[in-house]
Amino acid sequence: NAGVTQTPKFQVLKTGQSMTLQCAQDMNHNSMYWYRQDPGMGLRLIYYSASEGTTDKGEVPNGYNVSRLNKREFSLRLESAAPSQTSVYFCASSENPTLNTEAFFGQGTRLTVV
Amino acid sequence: ELKVEQNPLFLSMQEGKNYTIYCNYSTTSDRLYWYRQDPGKSLESLFVLLSNGAVKQEGRLMASLDTKARLSTLHITAAVHDLSATYFCAVGAGSYQLTFGKGTKLSVIP
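Chains A and B are the protein sequences, given in the same order. The first sequence maps to residues 1 to 114 in the numbering used here. The second sequence maps to residues 1 to 110 in the numbering used here.
Check before you lean on any hint, since a few could be wrong.
In silico SDA-like cross-links for lysine to any residue, where the CA-CA straight-line distance does not exceed 25 Å [to be verified]:
1. B/Lys102 - A/Lys14
2. A/Lys9 - B/Thr28
3. B/Lys41 - A/Thr7
4. B/Lys41 - A/Gly53
5. B/Lys105 - A/Pro39
6. B/Lys56 - A/Met19
7. B/Lys41 - B/Thr28
8. B/Lys41 - A/Leu78
9. B/Lys102 - A/Thr86
10. B/Lys105 - A/Phe10
11. A/Lys57 - B/Thr28
12. B/Lys3 - A/Thr7
13. B/Lys41 - A/Pro61
14. B/Lys56 - A/Gly42
15. B/Lys3 - A/Gln37
16. B/Lys3 - B/Leu71
17. A/Lys14 - B/Gly40
18. A/Lys9 - B/Lys3
19. B/Lys3 - A/Met41
20. B/Lys68 - B/Gly53
21. B/Lys41 - A/Gly3
22. B/Lys56 - A/Val60
23. A/Lys57 - B/Ser107
24. B/Lys102 - A/Tyr64
25. B/Lys68 - A/Phe10
26. B/Lys17 - B/Ala93
27. B/Lys3 - A/Val60
28. B/Lys41 - A/Gly16
29. B/Lys56 - B/Ser107
30. B/Lys41 - A/Thr101
31. A/Lys57 - B/Glu1
32. B/Lys3 - A/Thr101
33. B/Lys102 - A/Phe104
34. B/Lys105 - B/Leu83
35. B/Lys3 - A/Gly3
36. A/Lys9 - B/Lys102
37. B/Lys56 - B/Ser84
38. B/Lys41 - A/Thr54
39. A/Lys9 - B/Thr86
40. B/Lys41 - A/Arg77
What the hints contain is simulated information worked out from the structure, not anything from laboratory work.
So here's chain A without its partners, still in its complex pose (with noise of 0.2 Å):
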């Protein structure tokens, strides 16, 4: 019963340099969700995909890619790490919100851009 795996788990990066979140669940759940966290700020939508094949732009879209694998992964990708990408990043799924289940969370990768 893993749920949500994310990894890493943490990540320092020098400013310009890529990388790539990964999230997996086993819930067999269609929508998939990239959050980022701030101090002070709640959670932010940066990416969604409501269904395998489909993704969409959130709240705060700049700066970052995603990637609907297969059902199972969605990816999240930085192209040119900046300052004000350090956060902590959360990837979650959900079932179908329009049947209104609600979204289960990973661990979170904290990310730190130098």
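Chain B: place on chain A using the hints.
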């Protein structure tokens, strides 16, 4: 644009006391969620509220929803130290996106 406001943002309370956290939102919503987050941890789902007048209870926590007032409350009864955490409400409005409040950091003092 949907806005979600929680208050208070910080709450320090003594064990055994009662208190309420408020979550106001700006547009019509069809679903509201409460989550708990312990320091350095992920978010844990507490309640899902889907209709006007919905009330759900789990242990010392009770959540309610008034869609006409666009208000949800999370009531804490006889607080204990284990309830110390940050509590978020999240509101959905007809799309796949959830908008989160900034969170209420609760500290329960012995």
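So, going through the hints one by one against the coordinates:
Between B/Lys102 and A/Lys14 the alpha-carbon distance is near 29 Å, which puts this suggested pair outside the 25 Å criterion. Between the alpha carbons of A/Lys9 and B/Thr28 the distance comes to roughly 36 Å, so the proposed pair goes past 25 Å and is violated. For a cut-off of 25 Å, the pair hint linking B/Lys41 to A/Thr7 stands: about 15 Å separates their Cα positions. The straight-line distance between the Cα atoms of B/Lys41 and A/Gly53 is roughly 30 Å, outside the 25 Å bound, and the hint therefore fails.
Between the alpha carbons of B/Lys105 and A/Pro39 the distance comes to roughly 11 Å, so the proposed pair stays at or under 25 Å and holds. Simply put, B/Lys56 and A/Met19 have alpha-carbon atoms about 42 Å apart, too far for the 25 Å limit, and the pair is violated. A C-alpha spacing of about 31 Å is found between B/Lys41 and B/Thr28, which places the hinted pair above 25 Å, so the restraint is violated. Using a Cα cut-off of 25 Å, the hinted pair B/Lys41 and A/Leu78 holds, with the two alpha carbons roughly 23 Å apart.
Proposed proximity of B/Lys102 and A/Thr86 is supported: the alpha carbons are some 18 Å apart, at most 25 Å. For the hint pairing B/Lys105 with A/Phe10, the CA-to-CA distance comes to about 24 Å; that is within 25 Å, so the pair holds. Straight-line distance between C-alpha atoms of A/Lys57 and B/Thr28 comes to about 22 Å, which keeps the hinted pair within the 25 Å bound. For a cut-off of 25 Å, the pair hint linking B/Lys3 to A/Thr7 is broken: about 31 Å separates their Cα positions.
Our distance criterion of 25 Å between C-alpha atoms is met by B/Lys41 and A/Pro61, whose separation comes to about 24 Å. Of the supplied pair hints, the one linking B/Lys56 and A/Gly42 holds, its CA atoms being roughly 23 Å apart against a limit of 25 Å. A threshold of 25 Å between alpha carbons decides the hint, and for B/Lys3 with A/Gln37 the separation of about 17 Å falls inside it, so the pair holds. About 12 Å separates the Cα atoms of B/Lys3 and B/Leu71, which keeps this hinted pair within 25 Å; it holds.
For a cut-off of 25 Å, the pair hint linking A/Lys14 to B/Gly40 stands: about 23 Å separates their Cα positions. This hinted pair does not check out: A/Lys9 and B/Lys3 have alpha carbons roughly 30 Å apart, beyond 25 Å. Taken as a hint, the B/Lys3 and A/Met41 pair is honoured in the structure, with Cα atoms around 12 Å apart against an allowance of 25 Å. For the proposed pair B/Lys68 and B/Gly53, the alpha carbon gap of about 9 Å is at most 25 Å, so the pair holds.
Taking the CA atoms of B/Lys41 and A/Gly3, the gap is about 15 Å. The hint holds against a cut of 25 Å. In summary, the hint linking B/Lys56 to A/Val60 is not supported, as the alpha carbons are separated by about 32 Å, beyond the 25 Å threshold. With a C-alpha separation of about 35 Å, the suggested pair A/Lys57 and B/Ser107 falls outside the 25 Å cut-off, and the hint is violated. Only pairs whose Cα atoms come within 25 Å are accepted, and B/Lys102 paired with A/Tyr64 is accepted, the gap being roughly 22 Å.
For the hint linking B/Lys68 to A/Phe10, the alpha-carbon distance of about 43 Å lies beyond 25 Å, and the restraint is violated. With a CA separation close to 34 Å, the supplied pair B/Lys17 and B/Ala93 exceeds the 25 Å bound. A C-alpha spacing of about 15 Å is found between B/Lys3 and A/Val60, which places the hinted pair at or below 25 Å, so the restraint holds. At roughly 28 Å between alpha-carbon atoms, B/Lys41 and A/Gly16 are farther apart than 25 Å, so this suggested pair is violated.
Proximity of B/Lys56 to B/Ser107 is assessed by CA-CA distance (about 23 Å); at most 25 Å being required, the pair is judged to hold. About 22 Å separates the Cα atoms of B/Lys41 and A/Thr101, which keeps this hinted pair within 25 Å; it holds. A distance of roughly 15 Å separates the Cα atoms of A/Lys57 and B/Glu1; the hinted pair therefore holds under the 25 Å criterion. Of the pairs offered as hints, the one joining B/Lys3 and A/Thr101 holds, with about 21 Å between alpha carbons and a cut-off of 25 Å not exceeded.
Among the hinted pairs, B/Lys102 with A/Phe104 is consistent with the structure: their alpha-carbon atoms are about 18 Å apart, no more than 25 Å. The suggested pairing of B/Lys105 with B/Leu83 holds, with an alpha-carbon distance near 10 Å, which does not exceed 25 Å. Between B/Lys3 and A/Gly3, the direct Cα distance comes to roughly 29 Å. Violation of the 25 Å bound is thereby established for this hinted pair. Annotation: proposed proximity of A/Lys9 to B/Lys102 holds, straight-line Cα distance about 23 Å (limit 25 Å).
The hinted pair formed by B/Lys56 and B/Ser84 meets the criterion: a straight-line CA distance of about 20 Å does not exceed 25 Å. Taking the CA atoms of B/Lys41 and A/Thr54, the gap is about 29 Å. The hint is violated against a cut of 25 Å. With a C-alpha separation of about 21 Å, the suggested pair A/Lys9 and B/Thr86 falls inside the 25 Å cut-off, and the hint holds. Annotation: proposed proximity of B/Lys41 to A/Arg77 holds, straight-line Cα distance about 22 Å (limit 25 Å).
Violation of the numbered hints given earlier is confined to hints 1, 2, 4, 6, 7, 12, 18, 22, 23, 25, 26, 28, 35 and 38; the remaining hints are satisfied by the structure.
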